[in-house]
Amino acid sequence: MPVQCAACGKKAILKRPKTADAMCRECFYWAFEEEIHKTIIDAKLFTPGDKVAIGASGGKDSTVLAYVMKALNDRYNYRLDLYLLSVDEGITGYRDDSLETVKRNRDQYCLPLKIVSYEDLYGWTMDAIVKEIGLKNNCTFCGVFRRQALDRGAMLTECNKIVTGHNADDIAETVIMNILRGDIARLRRCTAITTGQEGSLPRCKPFKYTYEKEIVMYAYFKKLDYFSTECIYSPNAYRGYARAFIKDVEKVRPSAIIDIIHSGESLSIKKDVKMPVQGTCTRCGYVSSQDVCKACLLLEGLNKGMPKLGIGKPHKVRKVRDIHGYV
Amino acid sequence: MCSIQEGELLQPKRQPSSSLRDRKCMKCSNEETVVIIRINDAFCKDCFLQYCTHKFRSAFGKSRLIRDKEQVLVAHSGGPASCAMLHLIQEGTSRRAHKKLRFSSVLVFIDDGVFHGLTLVERKARNAQVLKQLISSGLDVHAYAIEQVMSTTSSASLGLPVQAVSADSFEILCSFDSECKQLEALLAATTSDTSRQSLQHVLRQRLLIQVANGMGINKVLLGNSTTSLAVQMMSNVAQGRGAHLLYDMSFADLRSTSVTFVRPMREFTTHEIEHYLLLNQLGTIDVISTGPKGLEGLTSDFVLGLQADFPNTVSTIMRTGEKIGVSHSEIDIDLCCSLCQAPLDTDVGPSSALAATQFSEVVSRGNRQSSRCSSEATECCGQGDGSCQSSTRCELPDLRRSLCYGCRLMCKDLKDTSLLPASVQSNALQVKNRAEMRASIQNFLIEDDDAK
Ligand SMILES: [Zn+2]
Ligand SMILES: [Zn+2]
Ligand SMILES: [Zn+2]
Ligand SMILES: [Zn+2]
Chain A
3 MPVQCAACGK KAILKRPKTA DAMCRECFYW AFEEEIHKTI IDAKLFTPGD KVAIGASGGK
63 DSTVLAYVMK ALNDRYNYRL DLYLLSVDEG ITGYRDDSLE TVKRNRDQYC LPLKIVSYED
123 LYGWTMDAIV KEIGLKNNCT FCGVFRRQAL DRGAMLTECN KIVTGHNADD IAETVIMNIL
183 RGDIARLRRC TAITTGQEGS LPRCKPFKYT YEKEIVMYAY FKKLDYFSTE CIYSPNAYRG
243 YARAFIKDVE KVRPSAIIDI IHSGESLSIK KDVKMPVQGT CTRCGYVSSQ DVCKACLLLE
303 GLNKGMPKLG IGKPHKVRKV RDIHGYV
Chain B
-1 MCSIQEGELL QPKRQPSSSL RDRKCMKCSN EETVVIIRIN DAFCKDCFLQ YCTHKFRSAF
59 GKSRLIRDKE QVLVAHSGGP ASCAMLHLIQ EGTSRRAHKK LRFSSVLVFI DDGVFHGLTL
119 VERKARNAQV LKQLISSGLD VHAYAIEQVM STTSSASLGL PVQAVSADSF EILCSFDSEC
179 KQLEALLAAT TSDTSRQSLQ HVLRQRLLIQ VANGMGINKV LLGNSTTSLA VQMMSNVAQG
239 RGAHLLYDMS FADLRSTSVT FVRPMREFTT HEIEHYLLLN QLGTIDVIST GPKGLEGLTS
299 DFVLGLQADF PNTVSTIMRT GEKIGVSHSE IDIDLCCSLC QAPLDTDVGP SSALAATQFS
359 EVVSRGNRQS SRCSSEATEC CGQGDGSCQS STRCELPDLR RSLCYGCRLM CKDLKDTSLL
419 PASVQSNALQ VKNRAEMRAS IQNFLIEDDD AK
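Residue numbers (this note's numbering), protein chains in the order written: chain A, 3 to 329; chain B, -1 to 450.
Any given hint could be a false lead.
What the hints assert, rightly or not - When the alpha-carbon atoms are kept at most 27 Å apart in a straight line, the in silico DSSO-like pairs for lysine-lysine are as follows:
1) A:K253 - B:K410
2) A:K253 - A:K17
3) A:K306 - A:K40
4) B:K291 - A:K253
5) B:K179 - B:K122
6) B:K67 - B:K43
7) A:K215 - B:K410
8) A:K249 - B:K410
9) A:K40 - A:K133
10) B:K179 - B:K291
11) A:K17 - B:K413
12) A:K224 - A:K40
13) A:K17 - A:K105
14) A:K72 - A:K62
15) A:K40 - B:K410
16) B:K413 - A:K253
17) A:K17 - B:K410
18) A:K215 - A:K46
19) A:K17 - A:K133
20) A:K40 - A:K310
21) A:K249 - A:K62
22) B:K53 - B:K97
23) A:K249 - B:K179
24) B:K291 - A:K215
Claimed, not checked - Which chain A residues stay away from chain B? Per the calculated CB distances, all over 12 Å, these:
25) K72
26) D76
27) T94
28) G95
29) D109
30) Q110
31) I117
32) A130
33) R154
34) G198
35) F223
36) K224
Unchecked claim - Computed list of chain B residues with no C-beta within reach of chain A, every gap over 12 Å:
37) F58
38) S92
39) S233
40) I322
By construction, these hints were calculated from the structure, which means they are not laboratory data. C-beta atoms are modelled at their ideal positions from N, C-alpha and C, and glycine is treated no differently.
Construct all of the structure, not just a fragment, from the sequences and the given hints.
Quick look at the structure:
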């Protein structure tokens, strides 16, 4: 006898990674989308009239996000203006190919696309940065630059919110990472569904409770078009440990991903633990806990031929800058 | 989307390759170094032992938790950390001690043979071996069997053997036949190693509380090392127990209103404990060493594996843990988990992992219409007529409501929750009754705005 769908009783074709229930294709789509709808409604992520930039990398998460955001916006009449927003880091063989995917998504989903490039914003491509600094700290540059690039791109298209495709696995992994690194400030922030303080746009994660495996499953059955190559410059070994741990734990107890997020949500930080004070960068006006933001600092290092500037702990940076007379 | 955060690429330090050769003691420059601790500090024998004693006593001194001449229970598992702790206590209370520890200790051993699946013969042999060693310490020794946690008698008249151990009490430990069967049934009905392991932690802790209550003692010393606490912390995070980290790893665990658990070994790594035992020519008493299983075992492998490469791992985890507090400044006894007795962490609102999980279960099982009223659908036992409320034995929905997130997860793997100890059932009933009383007088209570 064929296995029955737990929801409708028809023939099941998959087992949900999240709940282990057997389901048919239609019921899985419905459950998957309905959960994201619930996440959006319960967390009050949007108000009618919002212009929302979907961070689109061409990868599976953001491709499925764009597809589902459009579907839910139509079905439940959120009345959102949706845009695809891509950052071109300038990585030959990775980003140029994935941008082709994003362009196809633009046509398939009929959503306007805005591409902002590191080259336009900062005068440097990642390829050029890697040539300058090697493969050791390149992700630091990329991460810092991307954060601002998404904001600037969103502002250029007059969007007031950004959604990203970070999924439950990513968030659980970040919780574990931040505990291992003792990063209390990030540990507290990383399970928030919306982040972004004054001066930057709010960023939301509609996939906060969505499993990576289910995103792949959804994309697979819907035959969505996405680009699946890892970034060629991504050698981050330490995060890899946390990732491997999450995968192992999920095998033993599938709910563990959500359980870790629950842990993260219910951690409260002791009152006497110092948190960095947020201000704005004196050069570019972007939010920063230092007087000059990390992006400006990294850029200064690149432009002055001292790419090490800005990498490392803030107090060390100050020392380097003092020695070299930079203000 | 690349999820690398800025700044996360500052990699932790890797293990320097250090050997004892050509090293001098960092304290006294003695050339006969015997151990390297922390990252790269070499110590000679005398300085290392002094360092241990100092660390042990200063933990008590700083906290001022235990009054002069207070009687405390010392839980002894027979393992290395317990053995080191017992030795440190004996040294600290001996007449020649420099800064004397001023409390008096009663040793408690819990025969947990049922957890390890030992036969009666094996249990008797083990008990005799461990208890003889403990008695030779000269301290009062009390022994209990873990199955006594299933006993229906209330804690005041627990009927546990509170007299000092004699040869007869080795036999008594194996005489709780019906409780033993109940516990075996409970363990057998638990379908995963992960849940069985965390159930065992909870039961051990409940029995210790009952024992302490029965003896009128309100401090219990536990032998958790830094290393085991760091592993437990990560494992608890993975099991949804993030809200309770402070209880699980602090020097003083205040979750129970009647008994405080104290962890004087929390600054000692397993490496330090090993060397402490070695240099004092002490062995461990217990021969059983089944490592943790399920998720806890996996976490243990993960943390110890990282620690081998990055020697700051354990200490960083502990430092993170120390900065995590508890949101409730005062524990409300009505809102504590009926199983692990930590404050409930389930009042979290609709935008939460808990609500998301409940919703997932409904949408993938229920029909499409019923999923709309998800919160009701998951809470009721299904009768819908309130019949589950009237039962004196707490049925699943009530029990579930009285459990914290982590204990609910555990009970999901339990085929029949009525197998849980009677004391858990009555705790749950009490939580429920208090909640109903509170609800009926809700409008007449003046809420403190700050408490919200
Ligand atoms: Zn179906
Ligand atoms: Zn700036
Ligand atoms: Zn020395
Ligand atoms: Zn609990």
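Consistency of the hints with the structure:
1. A:K253 - B:K410: The given pair, whose Cα atoms are some 17 Å apart, holds under the 27 Å limit.
2. A:K253 - A:K17: holds (14 Å)
3. A:K306 - A:K40: Violated, at roughly 50 Å.
4. B:K291 - A:K253: holds (14 Å)
5. B:K179 - B:K122: Cα-Cα ~17 Å, so holds.
6. B:K67 - B:K43: Violated, at roughly 32 Å.
7. A:K215 - B:K410: holds (23 Å)
8. A:K249 - B:K410: holds (21 Å)
9. A:K40 - A:K133: Violated, because 46 Å separates the two Cα atoms, which is more than 27 Å.
10. B:K179 - B:K291: Within the cut-off at roughly 23 Å; holds.
11. A:K17 - B:K413: holds (22 Å)
12. A:K224 - A:K40: Holds. K224 (chain A) to K40 (chain A) sits at ~21 Å (cutoff 27 Å).
13. A:K17 - A:K105: violated (33 Å)
14. A:K72 - A:K62: Measuring from Cα to Cα gives roughly 15 Å; hence the hint holds.
15. A:K40 - B:K410: holds (24 Å)
16. B:K413 - A:K253: Between K413 (chain B) and K253 (chain A) the Cα gap is close to 21 Å, so the pair holds against 27 Å.
17. A:K17 - B:K410: holds (19 Å)
18. A:K215 - A:K46: Given that 27 Å is the threshold and the Cα spacing comes to 26 Å, the pair holds.
19. A:K17 - A:K133: Violated, at roughly 46 Å.
20. A:K40 - A:K310: violated (45 Å)
21. A:K249 - A:K62: Roughly 18 Å between the alpha carbons, so the hint for K249 (chain A) and K62 (chain A) holds.
22. B:K53 - B:K97: Holds: K53 (chain B) and K97 (chain B) sit about 12 Å apart, inside 27 Å.
23. A:K249 - B:K179: violated (37 Å)
24. B:K291 - A:K215: At roughly 26 Å apart (the allowed maximum being 27 Å), K215 (chain A) and K291 (chain B) satisfy the hint.
25. K72: holds (18 Å)
26. D76: At roughly 19 Å from the nearest Cβ of chain B, D76 (chain A) sits farther out than 12 Å, so the non-interface label holds.
27. T94: It holds; T94 (chain A) is separated from chain B by about 17 Å at its closest Cβ, greater than 12 Å.
28. G95: Non-interface label on G95 (chain A) holds, nearest chain B Cβ at 16 Å vs cutoff 12 Å.
29. D109: holds (21 Å)
30. Q110: Non-interface label on Q110 (chain A) holds, nearest chain B Cβ at 19 Å vs cutoff 12 Å.
31. I117: Label holds. Min Cβ-Cβ 15 Å, cutoff 12 Å.
32. A130: Fine: 18 Å to the nearest Cβ keeps A130 (chain A) off the interface.
33. R154: At about 16 Å from chain B, R154 (chain A) clears the 12 Å cut-off, so the statement holds.
34. G198: Holds, because the least Cβ-Cβ distance between G198 (chain A) and chain B comes to about 14 Å, which exceeds 12 Å.
35. F223: holds (15 Å)
36. K224: holds (18 Å)
37. F58: F58 (chain B) is indeed farther than 12 Å from all Cβ atoms of chain A, at 22 Å.
38. S92: Consistent with the label, S92 (chain B) stays out of reach of chain A, its closest Cβ about 37 Å off (over 12 Å).
39. S233: At roughly 9 Å from the nearest Cβ of chain A, S233 (chain B) sits no farther out than 12 Å, so the non-interface label is violated.
40. I322: Given a closest Cβ separation of 5 Å, the condition is violated.
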